[in-house]
Amino acid sequence: MGLIGIESRVEKLESYLAIESNDVRIIGIWGTGGKGKTTLARVVYSMVSNHFEACCFIANVREESKKCGLCKLQKILLKKLLMLENLNLQDVDDGVQMIKNRLHNKKILLVLDDVNELDQLKKLAGEHCWFGSGSRIMITTRDRHLLVNHEVNEIYEAEVLNHDEALKLFSLKAFKMDHPAEDYEKLSQAFVDYSKGLPLALEVLGSFLCKKNIDEWESELNRLTEFCDRGILNVLQISFDGLRPTEKDIFLNIACFFNHKNRDDVIKILDYLGLHAIIGLRVLIDKSLIKLELHENRLWMHNLLQEMGRDIVCQECPKDPGKRSRLWSFKDIDNVLTKNMGTEAIQSIVLELYEPKKVYWNPEAFSKMQDLRLLKICGVQLMHDLKHLPNSLRILDWRGYPSKSLTSSFQSKSFENLKFMNLSESLKLIEVPDIIEVPNLESLVLENCINLHRIHPSIGIHKKITILNLRGCKKLTSLPSKFEMECLTKLDLYRCSKITKIPPSIGIHKKLTILFLYECKNLTSLPSKFEMECLPQLFLSRCSKITKIPKFGRNMKCVGGLYLSGTAITTLPTSIEHLTNLVELDLRNCKNLMHLPDTIFKIKLIAKVNLWGCSKLDRLPENLGNAKSLEWLDLSKTAIRKVPSSIGLLKNLYFLALSPNKLWYELLPFYSMPTSPHPMDLIFSSLSLSPASSLKELTLSDCNLKAISNDIGSLFSLEQLDLSGNDFVCFPESIIRLSKLTWMNLNNCTSLRSLPKLPLNIERVWANGCISLEMLPDPLKPSDSLEPSLSLHNCFQLADNQSCID
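Numbering of the sequence shown is given in the numbering used here, commencing with residue 2 and proceeding in unit increments.
Check the hints yourself; a few may be wrong.
Label-pair restraints from in silico Cβ distances [claimed, not checked]:
#1 Y355 <-> T514: 42 to 50 Å
#2 N163 <-> T514: 51 to 59 Å
#3 S735 <-> I772: 21 to 29 Å
#4 Q190 <-> R283: 27 to 35 Å
In case anyone wonders, no lab produced these hints; they're calculated from the structure.
Computed from a predicted structure; not experimentally measured.
Backbone N, C-alpha and C fix where the C-beta goes; we use that ideal spot for every residue, glycine too.
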């Protein structure tokens, strides 16, 4: 398992969980900080999670409930356990009712990590009956009395490591092997004895001493024994003191602001602050001061280390938060800004409220903070406009900024240090002023500023901006006509529904890697040519007034995805062949599309083509078979009535869907004529040309099929078959040769009278609404295999026959 001493502890905790039992069990994991409670819970969680319908691990309940409230934690719990994206809770009581009502029949696994108040348990896992049979809830806490009061089934006391385990863990960190190096045995024993078997202390101390000489070891041991009354905090402090200044800054920023945050987001912020994040984080990880949760890409700092880091900041000036380097609690921030108690000592302020609060901050609140570098605010309703922002800022991240425009500071001062500005969801913001005095700005985010009318022309000629996010700015009518943002890599105009045209220079931008034009409903004018050399994907979906796609230049070799669904185009330019790395083409619901150029299927890598709902498209290019990499082809709801015979050359095709436009049957009376071969027969015969056909999913629903070709038995790779809504009377016996077929949909095949014996591996058959179905084979499959699950609702003839037999 790779964790020292974990096996026996896991075994004991698993015995408490009794996974095979159907009762609901709540298990407490209790112990002082640093004993590895969270690690143990995570290991067991990952080992047993496959026994449950849904699982949820809520980390750091103590800190998160204080910061964002229990209602937010209830939402997290419900979203994960119910797989919901959008969830509205009125308050905590509403959350309690939803947990009771929605989870009482569901077998779930829930971990509540670092709980410190009984009310947290009452609101998140109040009683056993809230959860379905077989559910398990694990709670980690430092407070045993809390578990007793909550009447948990069992309490597991987290154990320290025994001497041998402790020495092994310490040695792995200090020497990169499972025993002490020669000449270091006695010193190692001394440090292990001091650490008292606490995994956190052993990891931090061993990592700190790694590669240090004997003199340094002896010096640190003397230092530890001098302040023995501080115990583990002394160990942690020694490791912090050994960091370089930038590493200390990174450590304190994570402790105060960024614990449990996404690693990539934290790296960006720290880099904007000039702290060389990647190197610094590597040092902290090597010293066991932080860890990386790989499955979620989050940074994790033990709560004891976080407490130590925050205590270091508080000790900078215990009685006056205005003289500390970092502020994170609402109480301290509100006090400092309301009373204008800020000083040049303050470097960073981060306040993230999940329930909005009215604040009466002094308009001059930031005027004395001459070294403020990071200002991140979310969830406040400012009752007075600000008059000043310090030009020392490197990051201004204020969601819901309360004014119509930025403060006059932006006109009167040069903000040379500002690199990141995020004013998303600022409902009062109607314009962005001249940013010529913000020459080093790299990222400008104005997402969902729904009343923003204009952005200043200076943005269009800015030389450093790499990210411009205007997503959801519904009243923004245009971009600057002079658009020369030579460093721009990301332009997001998603749902900018009033923009009508795109500056021509965007079409030939050399550095763009992301261009979102999705759902720009009034966009009618695009550049005459696309020649974006670095763009991997082009999004124009649901731009419903786009009638023509520009020519593609020869240098657009990076494009792997072209998304044009819901546009008004009638064809595609023949120059699409220049997109030599195109893999996916999405043309869903292009209801005016009438023609596809044959150059599409000259693209060697194209693997997925979606033409669903292209109701005027009646044919495919004859060279379809040239697309050797094609795997996925959806022709549902089109006017296509004949597939090119070259489809049989598509050796990699595993998904094919044909569910035609119902108008076919009125337009094509010859379908019922016996002298005319049915187009679907041509499909079967073409696909079955190769015995090695790779087709795995075939949908031919509502195709008016009068019969199924015996050639269907040659599709040996077929796993899923949908023939619903057709008119055939019987099914060819060759289907039994489809050994990989697992499910089949025959719903509403109203003429179907009988079924043949089914393939060995079939698991599910839907035949609802087959009103003519009279008999089923007995047995359905070879006698040595399990019978499939059958759905036979509204099969009236079958029901009558069965009642006669009975």
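Right, here's what the structure says about each hint:
no. : hint                      : result
1   : Y355 <-> T514: 42 to 50 Å : violated, 33 Å
2   : N163 <-> T514: 51 to 59 Å : holds, 54 Å
3   : S735 <-> I772: 21 to 29 Å : holds, 25 Å
4   : Q190 <-> R283: 27 to 35 Å : holds, 30 Å
Comparing the model with each numbered hint stated earlier shows that hint 1 is the single one that does not hold.
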